[in-house]
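K.L.:
Chain by chain, the residues run as shown.
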Amino acid sequence: MTATVAAPPAVQPPHRRARRRHRMLIPLGLALLLIVATLVAHAVDQPDPADRGFLSPVATGDDGGSRLAEALRGQGVTVRRETDTLRALLAARPGPATLFVPAPDLVHPDTVTALDDLPAGSRLVLVDPSRRVLAGLGLPLTPDDRRWATRATSPDADDRPCALPEAARAGTAAADRQRYAAPAGQSATRCYAGGLVRVPWRTEVVVIGASDPFRNDRIDEYGNRALATGLLGGPRPLVWLDLDGPAPAPTFGDGTEGPPAWSPSPGGSAGTTGDGQPGSGGRPGQGADRPGGGQREGDDGADDRADGRQPQQNPLWAAFPVWFWALLVQLALAGLLVVLWRARRLGPPVPEPLPVTVRSAETVLGRARLYRRAGARGPAAETLRAAARDRLLPRLNLPPDTPSDEVAARVAALAGLDPDRAADLLHGDEPATDRELLELARELDRLTRTVATRPDHPNEGDTR
Amino acid sequence: MTWRAALLLGAGALTLPAWPAPFLGVAVMTGLVLLLVALDWALAAPLHAVGATRSGDRTVRLGGSATVTLHLANTSGRTLRAQVRDAWVPSAGARPDVPPERMVRVAAGDSAALPVRLTPARRGDRPAAVLTLRSFGPLRLAFRQRAGRPGTPPWTLRVLPRFDSRRHLPEKLARLRIIDGIQVTRGRGQGTEFDTLREYVVGDDVRSIDWRASARRSDVLVRTWRPERDRRLVCVLDTGRTSAVRVGDEPRLDTAIDAALLLTALAARAGDRVDLLAVDAAVRATVKGSGRPALLPRLVDAVAPLQPALVETDFELIAGEVLRRERQRSLVVLFTALEAGALGEGLLPVLPRLAARHRVVVAATHDPVLTGLTTDPPRGPDDAYAAAAAWRALAERDRVRAALARHGVTVVDAPADRLAPTVADTYLRLKALGQL
Numbered sequence: 001m002t003a004t005v006a007a008p009p010a011v012q013p014p015h016r017r018a019r020r021r022h023r024m025l026i027p028l029g030l031a032l033l034l035i036v037a038t039l040v041a042h043a044v045d046q047p048d049p050a051d052r053g054f055l056s057p058v059a060t061g062d063d064g065g066s067r068l069a070e071a072l073r074g075q076g077v078t079v080r081r082e083t084d085t086l087r088a089l090l091a092a093r094p095g096p097a098t099l100f101v102p103a104p105d106l107v108h109p110d111t112v113t114a115l116d117d118l119p120a121g122s123r124l125v126l127v128d129p130s131r132r133v134l135a136g137l138g139l140p141l142t143p144d145d146r147r148w149a150t151r152a153t154s155p156d157a158d159d160r161p162c163a164l165p166e167a168a169r170a171g172t173a174a175a176d177r178q179r180y181a182a183p184a185g186q187s188a189t190r191c192y193a194g195g196l197v198r199v200p201w202r203t204e205v206v207v208i209g210a211s212d213p214f215r216n217d218r219i220d221e222y223g224n225r226a227l228a229t230g231l232l233g234g235p236r237p238l239v240w241l242d243l244d245g246p247a248p249a250p251t252f253g254d255g256t257e258g259p260p261a262w263s264p265s266p267g268g269s270a271g272t273t274g275d276g277q278p279g280s281g282g283r284p285g286q287g288a289d290r291p292g293g294g295q296r297e298g299d300d301g302a303d304d305r306a307d308g309r310q311p312q313q314n315p316l317w318a319a320f321p322v323w324f325w326a327l328l329v330q331l332a333l334a335g336l337l338v339v340l341w342r343a344r345r346l347g348p349p350v351p352e353p354l355p356v357t358v359r360s361a362e363t364v365l366g367r368a369r370l371y372r373r374a375g376a377r378g379p380a381a382e383t384l385r386a387a388a389r390d391r392l393l394p395r396l397n398l399p400p401d402t403p404s405d406e407v408a409a410r411v412a413a414l415a416g417l418d419p420d421r422a423a424d425l426l427h428g429d430e431p432a433t434d435r436e437l438l439e440l441a442r443e444l445d446r447l448t449r450t451v452a453t454r455p456d457h458p459n460e461g462d463t464r
Numbered sequence: 001m002t003w004r005a006a007l008l009l010g011a012g013a014l015t016l017p018a019w020p021a022p023f024l025g026v027a028v029m030t031g032l033v034l035l036l037v038a039l040d041w042a043l044a045a046p047l048h049a050v051g052a053t054r055s056g057d058r059t060v061r062l063g064g065s066a067t068v069t070l071h072l073a074n075t076s077g078r079t080l081r082a083q084v085r086d087a088w089v090p091s092a093g094a095r096p097d098v099p100p101e102r103m104v105r106v107a108a109g110d111s112a113a114l115p116v117r118l119t120p121a122r123r124g125d126r127p128a129a130v131l132t133l134r135s136f137g138p139l140r141l142a143f144r145q146r147a148g149r150p151g152t153p154p155w156t157l158r159v160l161p162r163f164d165s166r167r168h169l170p171e172k173l174a175r176l177r178i179i180d181g182i183q184v185t186r187g188r189g190q191g192t193e194f195d196t197l198r199e200y201v202v203g204d205d206v207r208s209i210d211w212r213a214s215a216r217r218s219d220v221l222v223r224t225w226r227p228e229r230d231r232r233l234v235c236v237l238d239t240g241r242t243s244a245v246r247v248g249d250e251p252r253l254d255t256a257i258d259a260a261l262l263l264t265a266l267a268a269r270a271g272d273r274v275d276l277l278a279v280d281a282a283v284r285a286t287v288k289g290s291g292r293p294a295l296l297p298r299l300v301d302a303v304a305p306l307q308p309a310l311v312e313t314d315f316e317l318i319a320g321e322v323l324r325r326e327r328q329r330s331l332v333v334l335f336t337a338l339e340a341g342a343l344g345e346g347l348l349p350v351l352p353r354l355a356a357r358h359r360v361v362v363a364a365t366h367d368p369v370l371t372g373l374t375t376d377p378p379r380g381p382d383d384a385y386a387a388a389a390a391w392r393a394l395a396e397r398d399r400v401r402a403a404l405a406r407h408g409v410t411v412v413d414a415p416a417d418r419l420a421p422t423v424a425d426t427y428l429r430l431k432a433l434g435q436l
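One line per chain: the protein sequences are A and B, in this order. Residues in the first sequence are numbered consecutively from 1, following full-length UniProt numbering. Residues in the second sequence are numbered consecutively from 1, following full-length UniProt numbering.
Treat the hints with care, since some could be wrong.
[What the hints assert, rightly or not] Partial list, computed: chain A residues near chain B (C-beta under 7 Å):
1) 24
2) 25
3) 46
4) 330
5) 333
6) 347
7) 352
8) 358
9) 360
10) 371
11) 384
12) 396
13) 398
14) 434
15) 441
16) 445
[As the list claims (entries may be wrong)] FRET-style restraints, in silico, Cβ to Cβ:
17) A:356 - B:271: 23 to 29 Å
18) B:396 - A:29: 51 to 57 Å
19) A:346 - B:271: 51 to 57 Å
20) B:107 - A:351: 22 to 28 Å
21) B:146 - A:37: 40 to 46 Å
22) A:345 - B:97: 18 to 24 Å
23) A:43 - B:146: 42 to 48 Å
24) B:64 - A:346: 26 to 32 Å
25) A:346 - B:249: 45 to 51 Å
26) A:356 - B:58: 24 to 30 Å
27) A:22 - B:146: 37 to 43 Å
In short, the hints are calculated from the structure, not lab data. Backbone N, C-alpha and C define an ideal beta-carbon position, used for all residues, glycine too.
Isolated chain A, as found in the complex (with noise of 0.2 Å):
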């Protein structure tokens, strides 16, 4: 009887939109997929001197440092391994010593402007100093550019001579990863493209950029091996700062006992050294360093006061009392309250199921615009004329097989017009222009118009 038939389903989506968007996902998800591959390589390849045992002589993994040790012993050398800054530096105190500081940015900030206050004929060995540590020693030394992987290169790359004969005796080596420049007019020791440069400040001073010639898993290649013992051999002992993590603040005892107490200003406190080292060991070194020191003292006296109060606490806290900011806690959890009162609507959007709408004479118009576009002002001209025609005929009482020279003879007559324009009109030559095409138009339209108002068939009553 009365069935309503249910509508067909919709039409599925092509499977083109599907395969454009694979066109695009694979090659840059590919890509993506590559980049993010070399990253996590790099980074795992790369040793991050925060590891624990990262250059360390006891640590026998890929970047620990007990190969470059052994040689060292082999080669007569004096290692002494120390964990804690202070001690590295006094135990450096007695005679000329090289300090071998594989994680300068592990040290505690306040004490990196003691690390080359050495005694004279020291060397301080550096590995890839951040620009913190390079300021903090006052070195005239910035970091230049940074490669993304270590370069084996001759010691005289990039065609500078390399006065270094530590280096010259190596040979080809990897040190070029981080470069260093130093400012035009000092006497900078420049190798390796800048990977390594020793500067003769108030102790020699060698700053290499790539931890790599001294790594275990690195020192047999080139000449790796032969630099790092060249720079920290020698007749001198080496002390050897292996650090597990960010050292600690220095602690400043004022007693003979307890913890080792250090003082930065060499005059001041030359017997509060209490781990029994003999404090005037250090003398010799210090006389070296006199012409500096008053100046010294004073940016240490700077220090001094900073440190008295927690480094870590933000001025601001003090600032407000205590339940200020238990209220501010308080009206954020109330904030977050509202946000998950907010967060849950009372049921889902309903859509609509639109109906589909064509607008009328929809394709006359787009007939029209393509008329326009194309230009096609002749077909547009004839079908106005045609039309026009069409309707004039039945209105003069006229077949539609009438000779055109006759129909615009019989408008021309009723409508009060010249015979020749009429003829023009209704049977002339295409129009040039859209001006013209519209002037006919509006002829066609006015002449239509007349004979229509007008009364109808002079020659009506004669046939009756």
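Mind docking chain B on chain A? Use the hints.
P.N.:
For chain B alone, kept in the frame of chain A given last:
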């Protein structure tokens, strides 16, 4: 949780300066508020114990208002305090008597009625979409809400066509009665059929004496005539792409439905049998006019959910369906658009088969925009081109008309507001001429 919990916590924050240990105060107050929220949540009426049903109107005429009532039954042991959102599709024009922001209280074991007034804006089936219930605890610090609980009771309001052309019905019926009356007194003629034989009384037309019957009965018998009845009428609605075109403010299909309803009402009163078919690429709706009294309501119900589809109408299918269903000669009124492309390629090839068996009328709505393009004086070059395109479309339409007329098809082409009465007039004229 609700804004009350946040407000409680925020108000508690103001007491913090008085606490000896403010951060402890924060922890205590937050814990307290969360505890209250949890307690309130636990005390809220459970959602699974709430049942929802509906009752009310199933149908409404477009432009009218209907009321559908939602009944919430609380079978739990706790009082239900809830916000209720009864969402209908936007075109249903739902206005709940209780807005969703207001709290509804239903005592334990009781039930509440929430009427919704619907003023639909569109014809067709307007379903209720989602029922959402938010059950609050006694302190209104927390609520329970879960999608699909209680389940949305299904309800569909069928919005019937407006049937604006009803106002033409009395006039057309009066004309129908005139046809009836004239033909009864006139006796035999076109559009009448044999009714009965009865005895001759003085004053009867002697030409209607049935001599053969009189010889059998040895009495003078005359034949009586009545207007033809039990003619067959088939309304075919084209719901294809041409019916989606908006003429004025409504699609062509709505105009066609309006005209078909008027025609059906008229034909049903005249004693004819009306069938209806709605077809585009497939048959969308069919009504067979056997059960006469309820024909119009059934028909209205069947055409209400029809929507235009963006497909090409299959005239082959229309012809096949009509020929299959209608064995007797009938009047086939095809409501479509006079478009050269659609009719020329679709209808004209199958028309001979159809016209050989049935009397075909093509009823089309004429587009006022087209007329406007051809009659308005052109103001710019665009208008000139548009006028040319419109004249060309009109010429094509005339060609289609001529082609249809060659097959003996009557073409009714009227503006949207005149289509229904014009089609009815055509029907009456054909009936008066006995051409059904």
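K.L.:
All hints, please: hold or fail.
P.N.:
Results of checking the hints against the structure:
Annotation: residue 24 of chain A was flagged as interfacial toward chain B, and the flag is violated, the nearest CB pair being 30 Å apart, outside 7 Å. With a least beta-carbon distance of about 31 Å to chain B, the hint placing residue 25 of chain A at the interface is violated under the 7 Å criterion. Proximity of residue 46 of chain A to chain B is violated relative to the hint, the smallest CB-CB distance being about 42 Å (cut-off 7 Å). For residue 330 of chain A, the shortest C-beta to C-beta distance to chain B is roughly 4 Å, which falls under 7 Å, so the interface hint holds.
With 7 Å as the threshold, the beta carbon of residue 333 of chain A comes within range of chain B, its nearest partner Cβ sitting at about 6 Å, so the hint holds. Hint status for residue 347 of chain A: holds, given a least beta-carbon distance of 3 Å to chain B, under 7 Å. Interface restraint check for residue 352 of chain A: the shortest CB-CB distance to chain B comes to about 5 Å, inside 7 Å, so the restraint holds. Restraint check, residue 358 of chain A versus chain B: the minimum CB separation of about 4 Å is within 7 Å; hint holds.
The interface hint given for residue 360 of chain A holds, since its Cβ lies 5 Å from the closest Cβ of chain B, which is under the 7 Å cut-off. Interface restraint check: residue 371 of chain A against chain B, minimum CB-CB distance 5 Å, threshold 7 Å, status holds. With a cut of 7 Å, the hint placing residue 384 of chain A at the interface with chain B holds, because the nearest CB-to-CB distance is about 5 Å. Annotation: interface hint on residue 396 of chain A violated; nearest CB of chain B at approximately 19 Å, more than 7 Å.
Taking 7 Å as the C-beta cut-off, the interface hint given for residue 398 of chain A is violated, the closest approach to chain B being about 18 Å. The beta carbon of residue 434 of chain A is positioned within 7 Å of a beta carbon in chain B (closest approach about 4 Å), and the interface hint is therefore held. Look at residue 441 of chain A: its Cβ gets to within about 4 Å of chain B, closer than 7 Å, so that hint holds up. Hint status for residue 445 of chain A relative to chain B: holds, with the closest Cβ pair at about 5 Å, below 7 Å.
The hinted range of 23 to 29 Å is not satisfied by residue 356 of chain A and residue 271 of chain B, whose Cβ atoms lie roughly 38 Å apart. Separation of residue 396 of chain B from residue 29 of chain A is about 54 Å and conforms to the stated range, judged on CB atoms against 51 to 57 Å. Look at residue 346 of chain A against residue 271 of chain B: about 56 Å separates their beta carbons, and that is inside 51 to 57 Å. The given range of 22 to 28 Å is broken by residue 107 of chain B and residue 351 of chain A, whose C-beta atoms sit roughly 36 Å from each other.
Checked against the hint of 40 to 46 Å, the C-beta distance between residue 146 of chain B and residue 37 of chain A comes to roughly 44 Å, which is consistent with it. As the Cβ distance of residue 345 of chain A to residue 97 of chain B is approximately 22 Å, the hint placing it in 18 to 24 Å holds. The beta-carbon spacing between residue 43 of chain A and residue 146 of chain B, approximately 46 Å, falls within the hinted interval of 42 to 48 Å. Range check, residue 64 of chain B to residue 346 of chain A: about 29 Å between beta-carbon atoms, so the 26 to 32 Å window is met.
As the Cβ distance of residue 346 of chain A to residue 249 of chain B is approximately 34 Å, the hint placing it in 45 to 51 Å is violated. Hint check: residue 356 of chain A to residue 58 of chain B, Cβ distance near 26 Å, so the stated range 24 to 30 Å holds. At roughly 39 Å, the beta-carbon separation of residue 22 of chain A and residue 146 of chain B lies within the given 37 to 43 Å, and the hint holds.
When held up to the earlier numbered hints, the structure conflicts with 1, 2, 3, 12, 13, 17, 20, 25 and fits the remainder.
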